[in-house]
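Novice: Below, each chain spelled out in residue letters.
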Amino acid sequence: MQPELPLTEATFLILLSMAQAPMHGYAIMQEVALMSDGRIHLSTGTLYGALSRLLEQGWIERLNSAETTSPRVRKEYQLTHDGRRILNAEVVRLQTLLQAALLRLAKGEQ
Amino acid sequence: MIFILRLYAGLLRLYPRQFRDAYGDEMLAVFAAAVEDARQRGCGAFSLLIVRELRDLPFNLVREYLHARTLAMPPEVAKFRRARWWARVFSLLSALFFTWIYTLLFVRQFAPQAMPAMILVYVLLFCTIFAWVQERHGGLLLMVCGALLGLAFGYASLASGMQPLHAVVVALTYPLPYWLFGAIFLMLGRQKKTFALVLG
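Sequence lines, in order, name chains A and B.
Quick note: the first sequence uses my numbering, first residue 1, plus one each step.
Quick note: the second sequence uses my numbering, first residue 111, plus one each step.
Source of the hints: derived by calculation from the structure; they are not laboratory data.
Keep in mind that the hints are not guaranteed to be accurate.
[Unchecked claim] Derived Cβ-Cβ restraints for the label pairs, each shown as a range:
1. T209/B / Q110/A: 52 to 60 Å
2. R192/B / A33/A: 28 to 36 Å
3. G108/A / P222/B: 54 to 62 Å
4. G38/A / T180/B: 47 to 55 Å
5. E109/A / F169/B: 37 to 45 Å
We put the CB at the ideal spot given by N, CA and C, even for glycine.
Let the sequences and hints guide you as you build the complete structure.
Specialist: Quick look at the structure:
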């Protein structure tokens, strides 16, 4: 068991939102809301507080976006090798929990 | 729209400088995008967005200021400060809880023999607050006054006709939370001495 685990739901969803491709702040907020089925809506302060911790831990890195369609600052974040490793470990942990729960429930119904 | 963004930019100034410099512009850009999106979805979505931002702001500010302080110090000092902060919060909550409970009991079942114990409960509340500033002396006072509280409650129990053994149990269990926090503050006071140079 890794000492960093379990992750909070918000941290897990933030990391998961970057699993496929680098994301900028607003896209992360939207992805988190979508993945949590509208349960978790991050405020900008909460999101950037979490991103700042993840950057310090070296789980994500900040990219300077090449796109210039918007005059606004638009930086993207992507998972690092460590971040992906942690995310995978959390998914395995959740999967183990889920399997154990399903097994117990199935035995209970028999 | 411009007013809301100006207001948000103003609120961003409340964050620690380091955090603001690193993420302030991005946060404003993300907030602007969120406002635009919410406005298109209607008044409800827009209001929810504003409420969410305002609701989370105090927590985010406290967290970032605490984090900014811990970043500037060695990890062991940061750990000590965190432990001290938790000790302060829990000791105060515990003292307030027991003061409230004992006061309630005292008011409902008035017994003159419990008056010294009641006075000591309030003295202990002040000792807890004193221990926030002076860990060693406050911790010591908490332990001594806790012992006196035990004696006072033991005496009150005996005077109200309780069995001596029961009174001894009361005398030993009632001061336990105060002894616990007293011991924690004493330990923190000893550690504080070690970090005195760093803490200033």
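Novice: Does each hint fit the structure? Answer for all of them.
Specialist: Here's how the hints hold up against the structure:
no. : hint                        : in the structure
1   : T209/B / Q110/A: 52 to 60 Å : holds (54 Å)
2   : R192/B / A33/A: 28 to 36 Å  : holds (32 Å)
3   : G108/A / P222/B: 54 to 62 Å : holds (58 Å)
4   : G38/A / T180/B: 47 to 55 Å  : violated (34 Å)
5   : E109/A / F169/B: 37 to 45 Å : holds (42 Å)
Violated hints amount to a single one, hint 4; each of the other numbered hints is respected by the structure.
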